[in-house]
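**Q** Start from the sequences and build out the full structure, keeping to the hints where you can.
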Amino acid sequence: MLTTTNKPSDPTEQLSGTRLVELYQTMVLSRYLDERVWLLNRQGKAAIAASAQGHEATQVACIEATDPSKDHYLIYYRQFAAMMALGTTPEEMLRGFLAKEDDPMSGARQFPLHGAHPRVDLFNFSNVIATQLPQAAGVALADTLKGSDAVTIVFFGDGASSQGDTHEAMNFAGVHKLPVIFFCENNRYAISVPIEKQMGVESVASRAAGYGFPGVQVDGTDVVAVHEATKAAVERARAGDGPTLIEASVERLLPHTTDDDHTRYRSAEDIAQMANRDPIKILSELLKRRDLLTDDADAEIHAAAKKRVNVATDTVDAEPYPSVDTMFDHVVDSVGGNF
Amino acid sequence: MLTTTNKPSDPTEQLSGTRLVELYQTMVLSRYLDERVWLLNRQGKAAIAASAQGHEATQVACIEATDPSKDHYLIYYRQFAAMMALGTTPEEMLRGFLAKEDDPMSGARQFPLHGAHPRVDLFNFSNVIATQLPQAAGVALADTLKGSDAVTIVFFGDGASSQGDTHEAMNFAGVHKLPVIFFCENNRYAISVPIEKQMGVESVASRAAGYGFPGVQVDGTDVVAVHEATKAAVERARAGDGPTLIEASVERLLPHTTDDDHTRYRSAEDIAQMANRDPIKILSELLKRRDLLTDDADAEIHAAAKKRVNVATDTVDAEPYPSVDTMFDHVVDSVGGNF
Amino acid sequence: MSEQTVIEAVRATLQSEMRRDDTVIVLGEDVGSRGGVFLATDGLIDEFGENRVIDMPLAESLICGVALGAAVNGMRPVAEIQFADFVWPAINQLVGEASKVRYGTNGVKTAPMTVRIPYGGGVRGGLYHSQSIEVLFSHTPGLSVVAPATPYDAKGLLATAIRTDDPVIVLEHKRTYRLVKGDVPDEDYTIPIGKAEIKRPGTDMTIVTYGLMLHYSLQAAEMAAANGIDVEVLDLRTLRPLDADAIAESASRTGKALIVQEDTPAVSISSEVAAIIGERCFFDLDGPITRLGPPELPPMPFSPIQEAAFMPSPEKILAAITKLSEI
Amino acid sequence: MSEQTVIEAVRATLQSEMRRDDTVIVLGEDVGSRGGVFLATDGLIDEFGENRVIDMPLAESLICGVALGAAVNGMRPVAEIQFADFVWPAINQLVGEASKVRYGTNGVKTAPMTVRIPYGGGVRGGLYHSQSIEVLFSHTPGLSVVAPATPYDAKGLLATAIRTDDPVIVLEHKRTYRLVKGDVPDEDYTIPIGKAEIKRPGTDMTIVTYGLMLHYSLQAAEMAAANGIDVEVLDLRTLRPLDADAIAESASRTGKALIVQEDTPAVSISSEVAAIIGERCFFDLDGPITRLGPPELPPMPFSPIQEAAFMPSPEKILAAITKLSEI
Ligand SMILES: Cc1ncc(C[n+]2csc(CCOP(=O)(O)OP(=O)(O)O)c2C)c(N)n1
Ligand SMILES: Cc1ncc(C[n+]2csc(CCOP(=O)(O)OP(=O)(O)O)c2C)c(N)n1
Ligand SMILES: [Mg+2]
Ligand SMILES: [Mg+2]
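Chains as they are written, first to last, in this note's numbering: chain A, 371 to 709; chain B, 371 to 709; chain C, 11 to 337; chain D, 11 to 337.
There may be inaccurate statements among the hints.
Claimed, not checked - List of simulated lysine-lysine pairs, BS3-like, C-alpha gap at most 30 Å:
1) Lys119(D) x Lys601(A)
2) Lys119(D) x Lys440(A)
3) Lys415(B) x Lys119(C)
4) Lys547(B) x Lys119(C)
5) Lys119(D) x Lys547(A)
6) Lys516(A) x Lys119(D)
7) Lys209(D) x Lys119(D)
8) Lys415(A) x Lys191(C)
9) Lys326(C) x Lys209(C)
10) Lys601(B) x Lys658(B)
11) Lys601(A) x Lys567(B)
12) Lys415(B) x Lys440(B)
13) Lys415(A) x Lys676(A)
14) Lys440(A) x Lys567(B)
Said to hold, decoys possible - Computed spacing ranges between beta-carbons, pair by pair:
15) Tyr199(C) x Asp629(A): 31 to 37 Å
16) Asp196(D) x Ala609(A): 52 to 58 Å
17) Leu409(B) x Ala609(A): 50 to 56 Å
18) Asp703(A) x Ile337(D): 41 to 47 Å
19) Asp56(C) x Ser386(B): 50 to 56 Å
20) Gly192(C) x Gly117(D): 39 to 45 Å
21) Ala638(B) x Asp193(D): 37 to 43 Å
Claimed, not checked - If the Cβ cut is set under 10 Å, some of the chain B residues that face chain D in the computed set are:
22) Gly477
23) Ala478
24) Asp629
25) Tyr691
What the hints contain is simulated information worked out from the structure, not anything from laboratory work.
Heads up, the beta-carbon is just placed ideally off N, CA and C, and yes, glycines get one too.
**A** Rendered as structure tokens:
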């Protein structure tokens, strides 16, 4: 049975062939589970879903260059594959989408992928775009005060780059050379708003120069390139040399969320061209060119992933919803007073 | 009697020698009035004052390159000399500081230099740093919709460059190539916070590249250089080519406001070095080198300015404060309802 | 006259106001070809073009700051905040700036801007797509706040907001968008800011409410009628300025007041309504001034079970009516 | 025990808390060598260094967002907002984010952060250095809000705030900083959040108030005593959660309630206090629930004459006491 890959290679190493195949497995599993979640939405079981389809290579490769035993991850709603790469089980993921009692992130209080992870320091307090960037700077600041060499990785989209919080966080991180990686997944759309209406320049990474640290653009469908770029940024941060802004160009293969219909605002050509940028197809071809994967092995990986997702769906579908009374817990930890 | 210079030369022209002397007169008058206001504060008559001392060349030269008959000016509290250059009389300025009934900007509801100007489209809604930048983008957007070729000039400090609003406004102006000039008066301090703690790079102007328009650094003690830079930006904006970010390096010769004591946070050397960057001294020397000004004429300009300020002080000192009942006017323009 | 949903009334009003006045522009996230996430601006870009229907970068402070700047320079911008929960970055431009433009310039400048904000819960929105954000706006001098609950009121109040020379916040309960239908006249009309409306006359007690809770209250009132309790339902419609006269008149007349709101009660609209009644109706009341709202929790859990437990419902309102009627 | 001003008590408490706990850090604009514009942090950078006393860039959202991030990673940040009027850019990080960290993570993460905010008027601050900003924070589940009015309370409540594992907003009335003096014990103590205090016992009516208005109310109560009216003055001290029991007990006992506040009345703390009394004391009251506040204007004109006309004063409070006593 396929398991998720919560045992990254030494992040300072190059990716081995075996490891590349493992990452591929994670991507495939993430993809199947992601598809399943959309299906569950269409069945009326999941209220909403955002998808990482098209972003998988970026996310899996980025996580691979970090150290989950100490690093911090501030995600937003689209880091489905990153969460898988960090060892979240399919059951755990599904509990979030189906609002089940044992949802590990928030106990079904929040949207899927919101809350805090039970095992790694991954969290996502809100749906509000870009609030996580100043928070990430604060997390990183605390590490410098504690003398920890942990790195903080904060994810955001091209749309988020327009928020004031993004600027404020990068500026501050630049002043104090904080150990933080600003990781932008640029899929050229913020819901329907295309990048040309979002910003007057070609690249988010170009902004880094205005803050005094490197900005790197990378092809987000290229696992090796994303891993390299992140590895360099992690080393820089751990060495005390400060932040890096990484911009991975990816495609959002699906509409913004299950509530969206991207044919309203994307042309047929724009939608069609994305097929060539599917990171799973690209990595599969690469592995086969390098003789790391046979067609049979690939088919097996797909079959195993599908099975794994089926098992998880059946399990979680049968699980209970939270009871009403837990709703009152954890507002503030206070004795006295009618909080 | 010296009057303020509300009759700029053709902004597309180079500055003539005569005009340079006129600008010098405005700067000197601004300086004397500014000093007087501080004195009035020490006498308990003016509740608070921020000073443009050290910023005069920048402000006067910037205004000179614009067209007050149609352009828009969004200022903050430090554009004392700019207001003088735009034809605000010493009496009008003093009414703001002394909270007199006829304060033209706000009728004594707001701090000095806040409110809206009675004759040119200059305004400053609040003390809140950087809010004026998105507003300026909106003003400029309206002009493009109206088909006007007016230019919007928005002033801000180095401290203001850290606010999210600054980023959001520049980004938007870049997307739509709005006719706006972002004019930063960089005096290296935000109250006590030095530029090194404000940003991780040397120059605010370097940020413009990240928004897709030119960023220009200019010596803010150099009237000719500031005029040139602004003129180019105005022409660019009027031609529909979009924004410019101008950063003028200046000294804040006095503490942040009358409530501040800069010896708490500036070294004696830092304070001492500013004497060489006094724009009035610099322009006076330039004019004399170019034989545009004699020592005698200079002395006369100073004497006239002093006299003008004395007259204005006496006049305004005798004027009435607003009555209580006007306090209720102009909350909202509504019939019915207990607004 | 035609039957419309709330969202249809909003869209039709935006369209007619844009036809009526060239200076009306619409700006917000996804308001262009997407037509807004609730389709409030669907089709507007086709009719009015990109200049007047502006897809903004993802930055709410910018959206409201640009609206303000454009408003003081001759436009009548209608900004859309995609969800109420995302208005916080814009508070500085709205509460800090826009509210004080007229006052702070001693009447020289005005900001004829409208900000439409879909708010409220019951839509499986969890903590960040369910918030009620009326308190701060309703507290702030210089702002007007309307909260229409029916298609008729949505049209009349949005038209008024757009034509008003000062900033108006229009709170649209997102659950009403498709749920609530009603007749809307074809002809042009406006509804004055600051006027509540009795949506159901009654003699035994007054329910004061607004938004989605109007509809739940009307349902509860029908159920109560079956039990012989005749409940008057007053729809506030405007949250700033509150129609204190209408509130006091109704509460004094019926002698009992129940205030129903979806927002958490502490320091809220229901507090102010209670304070108005406590000050003005003291000698006419036959029972304590009662409030019904959700528990003091961050609004509101994603779990459907907990969401339902959080929200006031017709049944909970009926229970409160019954209890108050027994005093 | 020593006599201190409010600002001295604040400074001494920051110092002792930083000595007590290495994870306490201070961050804000000008908090370093400038010592803060009110000198609340004067000298701290000399004792604790730049790492723990951080001069921040001019960006309030950043200040609060960084405080939040540091708080969830082991620190106990104390952020300073220079003036309340400048807190609006940070609302998103405070009301939107910090308030819901514990709830939204189902108790996994907590944010032990304190935000100190000098607020209020009577200092010739005009529209933008005089604002009262308590309403939104006091409305928000997940936040605690304290508003000490004396040096004793300033020390005890600030210490509690810093040691609390959730976000606490500390509202310091800037007019009290140097105006109000009082005895402060040298030894360590805390004051629980959520507890009001009777600052003057009385029998004829209850004034409920907080902040600067506590002192004006106490003065007015003395004047009223000279006229034979014995006024109880209840200092709320905490604005969220309000001490509803203490409010109800006092109002029920005296039978009359006057709520005095500096903030504009509509949808405010005084509304909630009135609502609590209207709900819980209905059968014990002998007169309408009365509120005294400034007019509904943007707070508050720079003109000294108009500022004085805007602010409640001991004389205006006395007039309200007299009027209510005659009912
Ligand atoms: C402050 C804020 N404004 C608006 C929204 C609504 N919204 C949710 S996702 C989104 C687009 C985000 O685009 P981007 O940052 O590019 O991320 P992507 O979804 O493309 O990964 C918007 C506008 C929000 N969540 N927060
Ligand atoms: C949003 C906001 N935060 C804080 C302040 C308090 N404050 C007033 S002026 C100032 C420094 C501004 O520095 P800068 O932008 O460099 O302008 P300068 O005064 O140097 O011209 C600060 C922090 C404010 N007015 N607004
Ligand atoms: Mg995107
Ligand atoms: Mg400066």
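**Q** Range hint 50 to 56 Å: satisfied by the CB atoms of Asp56(C) and Ser386(B)?
**A** Since the Cβ atoms of Asp56(C) and Ser386(B) sit about 53 Å apart, the hinted range of 50 to 56 Å holds.
**Q** If you draw a straight line from the CA of Lys547(B) to the CA of Lys119(C), is it 30 Å or shorter?
**A** With a Cα-Cα distance of about 26 Å, the restraint between Lys547(B) and Lys119(C) holds, given a limit of 30 Å.
**Q** Mind checking the alpha carbons of Lys440(A) and Lys567(B) for me, to see if they're no more than 30 Å apart?
**A** 28 Å, holds
**Q** Given the hint that Lys415(A) pairs with Lys676(A), test it: the Cα-Cα distance must not exceed 30 Å.
**A** At roughly 19 Å apart (the allowed maximum being 30 Å), Lys676(A) and Lys415(A) satisfy the hint.
**Q** Going by Cβ atoms only, is Tyr691(B) closer than 10 Å to chain D?
**A** This interface hint holds because 5 Å falls under the 10 Å limit.
**Q** Between Lys119(D) and Lys440(A), is the straight-line Cα distance small enough, at 30 Å or below?
**A** 16 Å, holds
**Q** Regarding Asp703(A) and Ile337(D), is the given constraint of 41 to 47 Å on their beta-carbon distance met?
**A** Hint holds: Cβ distance 44 Å, inside 41 to 47 Å.
**Q** Holds or violated: Lys601(B) with Lys658(B), Cα cutoff 30 Å?
**A** 25 Å, holds
**Q** Would you say the C-beta atoms of Gly192(C) and Gly117(D) sit inside 39 to 45 Å of each other?
**A** About 44 Å separates the Cβ atoms of Gly192(C) and Gly117(D), which means 39 to 45 Å holds.
**Q** Holds or violated: Lys601(A) and Lys567(B), Cα atoms, limit 30 Å.
**A** The hint holds at about 28 Å.
**Q** With chain D as the partner, please determine if Ala478(B) meets the hint condition of a C-beta pair closer than 10 Å.
**A** 4 Å, holds
**Q** Hint says 50 to 56 Å; check whether the CB-CB distance for Leu409(B) and Ala609(A) agrees.
**A** At 55 Å between Cβs, range holds.
Taken one by one, the earlier hints fail for this structure at numbers 7, 12 and 16, listed in ascending order.
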